[in-house]
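2 protein chains.
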Amino acid sequence: MHIYDLDTPALVIDLDVLERNIADMAAHCKDLGIALRVHTKTHKVPEIAQMQLAAGSQGIVCQKVGEAEVMARAGIRDILIPYNILGTQKLRRLTALAKMAAITVAADSEETVRGLSAQAAADGVTIRVLVEADTGGQRCGVQTPEASRDLGRLVADLPGLELAGMMTFPSNLRGQAFFDSARELWARDGLPCEVLSGGGTGLEAVSKQLGFNEHRSGSYAYEGLTRIQKSADLTPERCALRVIVTVVSVPTAGRVIIDGGQKTFESYPPVPYGLIIEHPEARIHAMSVEHGHVDVSGCNHRFRVGEKLSVIPLHQGKVTNMHDEVAAARNGEVVCVWDVAGRGKVR
Amino acid sequence: MHIYDLDTPALVIDLDVLERNIADMAAHCKDLGIALRVHTKTHKVPEIAQMQLAAGSQGIVCQKVGEAEVMARAGIRDILIPYNILGTQKLRRLTALAKMAAITVAADSEETVRGLSAQAAADGVTIRVLVEADTGGQRCGVQTPEASRDLGRLVADLPGLELAGMMTFPSNLRGQAFFDSARELWARDGLPCEVLSGGGTGLEAVSKQLGFNEHRSGSYAYEGLTRIQKSADLTPERCALRVIVTVVSVPTAGRVIIDGGQKTFESYPPVPYGLIIEHPEARIHAMSVEHGHVDVSGCNHRFRVGEKLSVIPLHQGKVTNMHDEVAAARNGEVVCVWDVAGRGKVR
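Taken in order, these protein sequences are the chains called A and B.
In terms of our numbering, the first sequence opens at residue 1340 and continues consecutively.
In terms of our numbering, the second sequence opens at residue 1340 and continues consecutively.
Don't take each hint at face value.
Which copy is meant is left open, because identical chains are indistinguishable; a pair holds if it fits in one copy or across any two.
[Said to hold, decoys possible] Calculated pairs, EDC-like style, for lysine to aspartate or glutamate (alpha carbon to alpha carbon, straight line, at most 20 angstroms):
id, residue 1, residue 2
1, K1647, E1629
2, K1684, D1346
3, K1569, D1634
4, K1547, D1519
5, K1647, E1449
6, K1438, E1672
7, K1369, E1358
8, K1647, E1617
9, K1647, E1620
10, K1684, E1629
11, K1647, D1363
12, K1647, E1485
13, K1684, D1344
14, K1547, D1678
15, K1369, E1629
16, K1647, E1450
17, K1547, D1462
18, K1547, D1363
Bear in mind the hints are in silico, worked out from the structure with no lab data behind them.
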């Protein structure tokens, strides 16, 4: 079936592009001499995670316990959840997961590590813990090298836990002094620090420079228009994801309405909200809930009701989270349809 | 179970607020003397649609065929889909629906009505059609009263279709001259115009003034922070929807991180992204994919890791579309959990 024969809106992956993106990132990290750990939150598709592992990723990252459950069910055996896991319900699911796979989590507080330890010890499993450091990202993370050492010591002392090392997000050279100091403090205390993990697509070399031995990249798999607009080396041909839409109305010569809006594209500024591959001079300038508004006044093409278009969405990782399935295609022909199995796993 | 005992993030409806909003809108339309047809795209929950019908709505609106299928399966027998339905796959599903329920659709082009007619005639059903008029909304819709008459005539002439009347969105007094003229043209041709349908929560009186006999309102059920900020008569107590979250990190005295971000809240500017009921002086100023960033420098309360908070989200209708289920609660106690059965029905 050709992708234009799919009912619309339809989420489609170009497999050639996806495979190239996966291979290129694996080669880039290999060249740098840093281990790649792929973040699956961008695609949430176990089949793609398996492709990434086959290309040399040493494990995966999930942002939610529910996503990790999906990936473990698909046979993946090394999962990092870089998140403070709290509350009995999630902790019980986490220890159940730890019986199926090697599970590592992040923590930045005593409350988090004590909760992890109590549940892991009660359920007879070991959870690996990375101490999360805030080195400018202003999200989670301990604030000083001393605090990282103190929390590391607590993790090392508590039952059910294994101290694995440290992590931060995003990788930033401003963190150099923090990590130099922290490593010294950890070493002085004899704390194990097997893993130093950085993150953020495009920041692999920064992690290497910081002396890290692992990097977490995710969005490169689909590649985003935003990053492409900022990079001289990237073109829209690197974007693997597209939404096939139908023109549902041509109310005026300059205006075309497509059958995908906010609930298909997760649209928000900046405009344009996506790139129409067949007519790059058309401009998706507005979206209502279920309609996309396209200014075609700059196009010579005469659009007709019922015509199909392929749109590279602006927010690729978020678009995935709106759709239950995605068709994988090669040269415009659908090869298979994958469940976005990790979609909507908010917990 | 108390709502604070739900694993987080958890989508919760305050039933008392929902029931009040439903009753008030029904009374408002009754007072105005205009029929209410509730739009279900805000909640996508059949149980809530049934509550709205019981309160006096004469039927429902769905924006997608997939949403209509969910509602028809739940026993709802009068459904308007104000959308140009195109393509064999959707048209076949539409005629299947028309065997279960009275189905009305909108159309603004010959292509759309010819497609509807061919499939309806082939499958032996009747589809009711409203001619959609663009009266300033600049989305879909015919552009002139004459074009509405010509399309109405085509609908009346084609097999499998029943001409029901006209619709527009949003209702706007600028449309007065258009509809006065269109009605005259339709009457002169003897075209039936049983329904004149306007739309938009808060625009019920505008529809009445335009001489319409039906109004489509949807977002009033949950009520949105944006509309509340613009209205002297509304307060956050009218917002039925909230997201229960957990504080997962307190990295500094002024910063709190909660376990809901863009994939929980569908957040985009303006900030703040929601109102924390327990601490309205806290400010959700940023969101990453799975974290909410809260500035608590203006709060006297000392936040602790593991604490639960109730957030009224900024974009209520869109938040619903991120979640597979919603807990219905009264006085903080969970009464039942509903599937968001219409969620993600992009087609």
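Hints and how they fare:
{"no.": "1", "hint": "K1647 x E1629", "in the structure": "within (16 angstroms within a copy, 34 angstroms between copies)"}
{"no.": "2", "hint": "K1684 x D1346", "in the structure": "between (26 angstroms within a copy, 12 angstroms between copies)"}
{"no.": "3", "hint": "K1569 x D1634", "in the structure": "neither (24 angstroms within a copy, 30 angstroms between copies)"}
{"no.": "4", "hint": "K1547 x D1519", "in the structure": "within (13 angstroms within a copy, 70 angstroms between copies)"}
{"no.": "5", "hint": "K1647 x E1449", "in the structure": "between (54 angstroms within a copy, 18 angstroms between copies)"}
{"no.": "6", "hint": "K1438 x E1672", "in the structure": "neither (40 angstroms within a copy, 34 angstroms between copies)"}
{"no.": "7", "hint": "K1369 x E1358", "in the structure": "within (16 angstroms within a copy, 59 angstroms between copies)"}
{"no.": "8", "hint": "K1647 x E1617", "in the structure": "within (9 angstroms within a copy, 48 angstroms between copies)"}
{"no.": "9", "hint": "K1647 x E1620", "in the structure": "within (16 angstroms within a copy, 48 angstroms between copies)"}
{"no.": "10", "hint": "K1684 x E1629", "in the structure": "between (23 angstroms within a copy, 11 angstroms between copies)"}
{"no.": "11", "hint": "K1647 x D1363", "in the structure": "neither (31 angstroms within a copy, 43 angstroms between copies)"}
{"no.": "12", "hint": "K1647 x E1485", "in the structure": "neither (58 angstroms within a copy, 29 angstroms between copies)"}
{"no.": "13", "hint": "K1684 x D1344", "in the structure": "between (30 angstroms within a copy, 18 angstroms between copies)"}
{"no.": "14", "hint": "K1547 x D1678", "in the structure": "neither (35 angstroms within a copy, 46 angstroms between copies)"}
{"no.": "15", "hint": "K1369 x E1629", "in the structure": "neither (43 angstroms within a copy, 29 angstroms between copies)"}
{"no.": "16", "hint": "K1647 x E1450", "in the structure": "between (53 angstroms within a copy, 14 angstroms between copies)"}
{"no.": "17", "hint": "K1547 x D1462", "in the structure": "neither (37 angstroms within a copy, 64 angstroms between copies)"}
{"no.": "18", "hint": "K1547 x D1363", "in the structure": "within (17 angstroms within a copy, 61 angstroms between copies)"}
This entry does not satisfy hints 3, 6, 11, 12, 14, 15, 17, going by the numbered hints stated previously.
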